[in-house]
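Enquirer: What follows is the residue order along each chain.
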Amino acid sequence: MGVAMLVFFARILPWPQEMPWPLNLGAIIIAHVSFSFPFVAVVVRARLASFNREMEEAARDLGAGEWRTISDVIVPHIAPSLVAGALLAFTLSLDDFVITFFTAGPDTVTFPVKVYSMVRFSVTPEVNAASTVLILVTVIFTAVALRLQGDPAATTGHAGDKA
Amino acid sequence: MNGARPIISFENVTKRFGRMVAVDNVNLAINEGEFFSLLGPSGCGKTTLLRMLAGFDTPTEGRILIDGKDISAVPPNKRPVNMVFQSYAVFPHMTVADNIAYGLTVDRVPAAERAQRVEEALELVQLTGLGSRKPDQLSGGQRQRVALARALVKRPRVLLLDEPLSALDAKLRDQMRTELSALQEKVGITFIMVTHDQDEALALATRCAVMNRGLLQQVASPSDLYEFPSSRFVADFIGSVNLFEGELTTDEPDHAVITSPELPSPIYLDHGVTGARHGTVWAAIRPEKIELKKRSEGSAPPNLSDAPAGANVVAGTIRQEAYLGSESVFDVEIEGFRCIKVLRSNLTRWDQEDFAQGEAVWVTWHACSPAVLLS
Numbered sequence: 001m002g003v004a005m006l007v008f009f010a011r012i013l014p015w016p017q018e019m020p021w022p023l024n025l026g027a028i029i030i031a032h033v034s035f036s037f038p039f040v041a042v043v044v045r046a047r048l049a050s051f052n053r054e055m056e057e058a059a060r061d062l063g064a065g066e067w068r069t070i071s072d073v074i075v076p077h078i079a080p081s082l083v084a085g086a087l088l089a090f091t092l093s094l095d096d097f098v099i100t101f102f103t104a105g106p107d108t109v110t111f112p113v114k115v116y117s118m119v120r121f122s123v124t125p126e127v128n129a130a131s132t133v134l135i136l137v138t139v140i141f142t143a144v145a146l147r148l149q150g151d152p153a154a155t156t157g158h159a160g161d162k163a
Numbered sequence: 001m002n003g004a005r006p007i008i009s010f011e012n013v014t015k016r017f018g019r020m021v022a023v024d025n026v027n028l029a030i031n032e033g034e035f036f037s038l039l040g041p042s043g044c045g046k047t048t049l050l051r052m053l054a055g056f057d058t059p060t061e062g063r064i065l066i067d068g069k070d071i072s073a074v075p076p077n078k079r080p081v082n083m084v085f086q087s088y089a090v091f092p093h094m095t096v097a098d099n100i101a102y103g104l105t106v107d108r109v110p111a112a113e114r115a116q117r118v119e120e121a122l123e124l125v126q127l128t129g130l131g132s133r134k135p136d137q138l139s140g141g142q143r144q145r146v147a148l149a150r151a152l153v154k155r156p157r158v159l160l161l162d163e164p165l166s167a168l169d170a171k172l173r174d175q176m177r178t179e180l181s182a183l184q185e186k187v188g189i190t191f192i193m194v195t196h197d198q199d200e201a202l203a204l205a206t207r208c209a210v211m212n213r214g215l216l217q218q219v220a221s222p223s224d225l226y227e228f229p230s231s232r233f234v235a236d237f238i239g240s241v242n243l244f245e246g247e248l249t250t251d252e253p254d255h256a257v258i259t260s261p262e263l264p265s266p267i268y269l270d271h272g273v274t275g276a277r278h279g280t281v282w283a284a285i286r287p288e289k290i291e292l293k294k295r296s297e298g299s300a301p302p303n304l305s306d307a308p309a310g311a312n313v314v315a316g317t318i319r320q321e322a323y324l325g326s327e328s329v330f331d332v333e334i335e336g337f338r339c340i341k342v343l344r345s346n347l348t349r350w351d352q353e354d355f356a357q358g359e360a361v362w363v364t365w366h367a368c369s370p371a372v373l374l375s
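Protein chains in written order, with my numbering: chain G, 1 to 163; chain A, 1 to 375.
You may find that some hints are simply not true.
[Claimed, not checked] Simulated coverage check for chain G against chain A, where a stretch passes if three residues somewhere in it have a Cβ under 8 Å from a Cβ of chain A: (1) 25 to 33; (2) 116 to 123; (3) 126 to 136.
[Stated by the list, open to error] Derived Cβ-Cβ restraints for the label pairs, each shown as a range: (4) A:Asp169 / G:Val144: 36 to 46 Å; (5) G:Ala79 / A:Met20: 30 to 40 Å; (6) G:Arg45 / A:Glu333: 55 to 65 Å.
For the record, the hints were derived by calculation from the structure and aren't laboratory data. Quantities reported herein were computed from a predicted structural model and do not represent experimental measurements. In this text, a Cβ means the ideal position worked out from N, Cα and C, and glycines have one as well.
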């Protein structure tokens, strides 16, 4: 996929130069979105399958337009899967080396690519520090997630839709 | 129920899904203030009719008028009707009060008025004080009340109810039935209810339409549907019935006689048959309109005050008895012919012991009891 992306971006260049972020970051974003998309789609779809269409019709019946129905009824229903999908995409994106390596230019690099280039010669204190921060962040997030799961108030929001 | 001003008219409405005709050329007017019920077996098109009214389906042909205006092109959110869904479709992420207020919020009703109307609606459905609960903290019956309040708070011209009581257990259903009826009288809004449960329709509605395979079979008051069905389908669908196929052998203004190959003696009627034609007719006799009398071997049939000797009486034997508490249902085999159903109320505590399986009986009915069906 990295090779395909590389060929694709090489082919469609030159890009417009005055983009708000460096050109290479744009390429990386497009590449990451395209490989994360299926994972997120599967998660959200699974949640959407349990959506009761009558709920949507009820909102319409009560006077909501189509957009209002999406934001008031459908989004709250799929919110847990949107969060899960976001976390999944973040993890995949942070973890990815190969596709980033192929699509990144000389100016922009992501964290794993940077670390890789740093440890090619020797393990510097910066690499150690970065690893420590990453592990700490992971531990903290896991702790928070476990806490939220144990708290019934945080999960009651979507327990009632089995009716 | 006031006046005969139609609030809703279906004009030649047909709905097709691919090749399947769900609703077939329906013409129907529903009046202001009625509690109207659409009744039929599943798949008969009654729900489709309701959904077309709400705006979730559009008619393939014909048009639907509300207050004399064609609403075929109006989206569901702009129609003066509100619906109570079969699954209630209460929004799980909102509190009860937010659910009820939803329609008003969308309509940009000012907050003060909104709060007042929500409070009134909660009181109307007897949920006062539960406004801050989440739907999953409510019972099924309470959720239904939320759905009712949510629809009524918008003060619709017509309230649509899709199988409103089907998801409740038997006791609660009886209670909600009474409450629905009281509620309708209180708010005075036209209610249209879809149901496949005939008891529900008969008990609640001021007028019922019976549908089958997309066609309107009969539109009448509950008692007319039951006592004067227009076809075999209606007679059979509403309640249970003994149907006898036969021929009209006498048809005078003050009496008529049907002879049926399914019965040994003729069926005598104390009235003429209007619109009668030659050929096959059907006599429908409800099980509770048939009486049983004890019969001893070789005895003469009892004389009936309202029929000539030998008519409206047959000899039979009890084959099955089902004791249902308030009544007993008997399967009686007519000597040499078919079985018929007879229902007998248990008027005293010993009545169910009057007739036992295998006992010989006389089966009789009054001359005014059979309904004559031409189709």
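Enquirer: Give a verdict on every hint.
Expert: Hint check results:
1. 25 to 33: violated (count 0)
2. 116 to 123: That given contact is violated, which follows from only 0 residues of the stretch 116 to 123 of chain G lying within Cβ reach (below 8 Å) of chain A.
3. 126 to 136: violated (count 0)
4. A:Asp169 / G:Val144: 36 to 46 Å: 42 Å, holds
5. G:Ala79 / A:Met20: 30 to 40 Å: 37 Å, holds
6. G:Arg45 / A:Glu333: 55 to 65 Å: 60 Å, holds
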